[in-house]
Amino acid sequence: MTMPIEAIIFYFFAAILVGAALAVISVRNSVYAALFLVLAFFTSAGIWMLLEAEFLAITLVLVYVGAVMVLFLFVVMMLDIKVEPLKAGFARYLPVGAIVALVMAAEMFLVLGAKHFGMERFPVPQPNPLGYSNTEELGRVLYTEYYYPFEIAAVILLVAIVAAIALTLRKRPETKFQDPALQIQVRKEDRLRIVKMDAEKRADQ
Amino acid sequence: MMDDLIWLIWTLAKIIGIAVPLILAVAYLTLAERKVIGFMQVRMGPNRVGPWGLFQPFADVLKLLMKEIILPAKSNRFLFLIAPVITLAPAFAAWAVVPFDDGIHLAQIDAGLLYILALTSLGVYGVIIAGWASNSKYAFLGAMRSAAQIVAYEIAMGFALVGVLIAAGTLNLNSIVTAQSGSLMHWYWLPLFPLLVIYFISGVAETNRAPFDVAEGESEIVAGFHVEYSGAAFAIFFLGEYANMILISALAALMFFGGWLSPFQGLGLEGTPLDFLTGSSFIWFFAKTCFFLYLYLWFRATFPRYRYDQIMRLGWKVFIPITIVWLLVVAVMVVYQIGWWW
Numbered sequence: 245m246t247m248p249i250e251a252i253i254f255y256f257f258a259a260i261l262v263g264a265a266l267a268v269i270s271v272r273n274s275v276y277a278a279l280f281l282v283l284a285f286f287t288s289a290g291i292w293m294l295l296e297a298e299f300l301a302i303t304l305v306l307v308y309v310g311a312v313m314v315l316f317l318f319v320v321m322m323l324d325i326k327v328e329p330l331k332a333g334f335a336r337y338l339p340v341g342a343i344v345a346l347v348m349a350a351e352m353f354l355v356l357g358a359k360h361f362g363m364e365r366f367p368v369p370q371p372n373p374l375g376y377s378n379t380e381e382l383g384r385v386l387y388t389e390y391y392y393p394f395e396i397a398a399v400i401l402l403v404a405i406v407a408a409i410a411l412t413l414r415k416r417p418e419t420k421f422q423d424p425a426l427q428i429q430v431r432k433e434d435r436l437r438i439v440k441m442d443a444e445k446r447a448d449q
Numbered sequence: 073m074m075d076d077l078i079w080l081i082w083t084l085a086k087i088i089g090i091a092v093p094l095i096l097a098v099a100y101l102t103l104a105e106r107k108v109i110g111f112m113q114v115r116m117g118p119n120r121v122g123p124w125g126l127f128q129p130f131a132d133v134l135k136l137l138m139k140e141i142i143l144p145a146k147s148n149r150f151l152f153l154i155a156p157v158i159t160l161a162p163a164f165a166a167w168a169v170v171p172f173d174d175g176i177h178l179a180q181i182d183a184g185l186l187y188i189l190a191l192t193s194l195g196v197y198g199v200i201i202a203g204w205a206s207n208s209k210y211a212f213l214g215a216m217r218s219a220a221q222i223v224a225y226e227i228a229m230g231f232a233l234v235g236v237l238i239a240a241g242t243l244n245l246n247s248i249v250t251a252q253s254g255s256l257m258h259w260y261w262l263p264l265f266p267l268l269v270i271y272f273i274s275g276v277a278e279t280n281r282a283p284f285d286v287a288e289g290e291s292e293i294v295a296g297f298h299v300e301y302s303g304a305a306f307a308i309f310f311l312g313e314y315a316n317m318i319l320i321s322a323l324a325a326l327m328f329f330g331g332w333l334s335p336f337q338g339l340g341l342e343g344t345p346l347d348f349l350t351g352s353s354f355i356w357f358f359a360k361t362c363f364f365l366y367l368y369l370w371f372r373a374t375f376p377r378y379r380y381d382q383i384m385r386l387g388w389k390v391f392i393p394i395t396i397v398w399l400l401v402v403a404v405m406v407v408y409q410i411g412w413w414w
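Here the protein sequences come in this chain order: Z and Y. In this text, residue positions in the first sequence follow my numbering: the first is 245, and each later residue adds one. In this text, residue positions in the second sequence follow my numbering: the first is 73, and each later residue adds one.
Hint data in this document are derived by calculation from the structure and do not stem from the laboratory. Predicted model only: the values in this text are computed from it and were never measured. If a hint is listed, it holds; no wrong ones were tucked in.
Here are the simulated distance ranges between beta carbons:
(1) F265/Y / L300/Z: 31 to 37 Å
(2) A259/Z / A145/Y: 33 to 39 Å
(3) V307/Z / I90/Y: 26 to 32 Å
(4) I410/Y / G383/Z: 19 to 25 Å
Per the computed footprint, the stretches of chain Y lying under chain Z, defined by three or more beta-carbons under 8 Å from a beta-carbon of chain Z, are:
(5) 170-184
(6) 194-200
(7) 381-387
Not close to chain Z: a few residues of chain Y, all C-beta gaps over 10 Å, as computed:
(8) V108
(9) M116
(10) V121
(11) W124
(12) A359
Ideal placement from N, C-alpha and C gives every residue a C-beta, glycine not left out.
Next comes chain Z alone, as it looks inside the complex (with noise of 0.2 Å):
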C-alpha cells in the first residue's frame, strides 16, 4: 500500500508539531520554550494549508508568528528567569495542576471523544472545485451570517485596547514624555546665550 502524497506531509508536520509542543514545556532556556512554539505555529498553519484552509494558515502566522510571538520573544529576553526558584514551589502546586490537568483532560475527552466527533461521523471532506476561493467564502460568511458575532468581538478586542493603553498611560513620576510641538518651536534665542566681552590681558605683562 502506497501512502498518498498528503498523507506523508500530514504525518511529517504532525510530528513536528507535537515535537515542538513537548518541547515548549520541557526545554530548560524560556527564549528556547518561545522560539519552539513559533515552530509550532508555523507548522501548524503548514497542516491548515492541507485543509486548503490557506487564509486562516496565513494568518496564523502573520498574527501569531509575526506578532504576537515576536512581543513574547521580547518580553522573555528581557527578563532574567532563574530556574532555582521556580522549581522550589513544584512539590507545593503540584496536586493543584494535576486537577486542573484532570479536569482539562477531561473536557478535551468529552468534546473530542470518538462518541461524537468519530470518524464515521464525518464524510471524508472532498477537495475543494478549481477556482474556489477560501478567502472570498470567509468573508462572505463572516459579513453575512455570523455578523453580529464578528462584530461582537470586534468590540470586546477593542475595548481590550483601550483598556490596556489606559493602564499604561496613567501618570507615572518616572515617566518623561516629550512634546515635539513645542520642540521644534525651540528658538535660537531660548537656547543659546552669547556672551560679548572685551579681550583679556595676560596678568604677568
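Starting from the known structure of chain Z, arrange chain Y on it as the hints suggest.
The following block gives chain Y in isolation, referenced to the frame of chain Z:
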C-alpha cells in the same frame, strides 16, 4: 510519477530563475548605492575593480567569503549561526507570489498579498535572535530597537495595503495589477496617494534603512544587532536586507504603479508608430522597481538619522491614524463609485 518529477524539476528551475537574478540584483544594488551616494556627495565611488568599478560586488563577495566567521565566546552557537538564515529565507520566499508579467510567477495563490505580509513579518526573528544569541549589549540593544520599530511600522504598512485590497477587491497580486489597467491615471497612486507615501516610508523603516536605521546607529550602538557577525554570516544579513529592499520596491510598483502596465497606455498612442510603447512588459515593472530603489538610495544620501522616540511617534501617532482615515475615504469612494478607478 514521471509527471511529478518533471513538475518538480520545472519548479526548481523557476525558483533558480528567480533567486539567481535576485542575488545579482542585490550585488549590483550595493554597487549602485555606493555610486549614487558617491555622485551625490561629489565623489567617484568605487572605480578600481573592473571598468567603472563594475566588478566591485564580486570582489566584495569574495572578500567576505574568505574571512573568518568569528563566534563570540559565550554566544549561543546554534542560534548565532541560524539567525542570518532566518533573515534571508523569508526575504527570498516572499518572491514566490510576485508576478513579473501577466501570469508569470512561481505560484499564484489567492491570498498572495497576505502571504507576503506574513513572510515579511518573519524577518524580525532573525534580528531578535541575532541580537540575543550574540550575548553582547550593543547587539541586544540594536535588536530591541529594531524589533520595536518593525512591529510598529508593520501595522501602518498592513493598513496601507488594506487600502489597496479595498480598491482592487482581491488579495491576488496578479488581479491587483490588472485591476489598475487603463492608463496612468487608473493606477492606484492617485486615489491612494497618502497610503502610497505611508507604505513606502514604512517600507524604509521596516528594512531598517536610513533615515530609520537606528538599529545599527554607529554613533550609539556601534553596528547594532550584527556587530558580532563577520565574513559570510554578515554577508547573509546584508543579502537579506537588500533583498527586502528590492521586495518592498517591487511591491510598491505592483500595488500603486500598475506593475508591468505601460505608463503610455490609454494616451491615444495605440495604432501610431509609437504603439510599441503602450504594451505591457516586464521592463516597465523593472523600471518602476528601480525607481523606488533609487528613492532608497536618495533618502540615505539626503536625510539625517531620526531620533528613536520620533520614529515611534511617527509610526504610532501619525501614520496609523492617517491610514485609518484614508481607509474610510477609500471605502466610501469604492461603495459610491466616486472617481474612475473602480
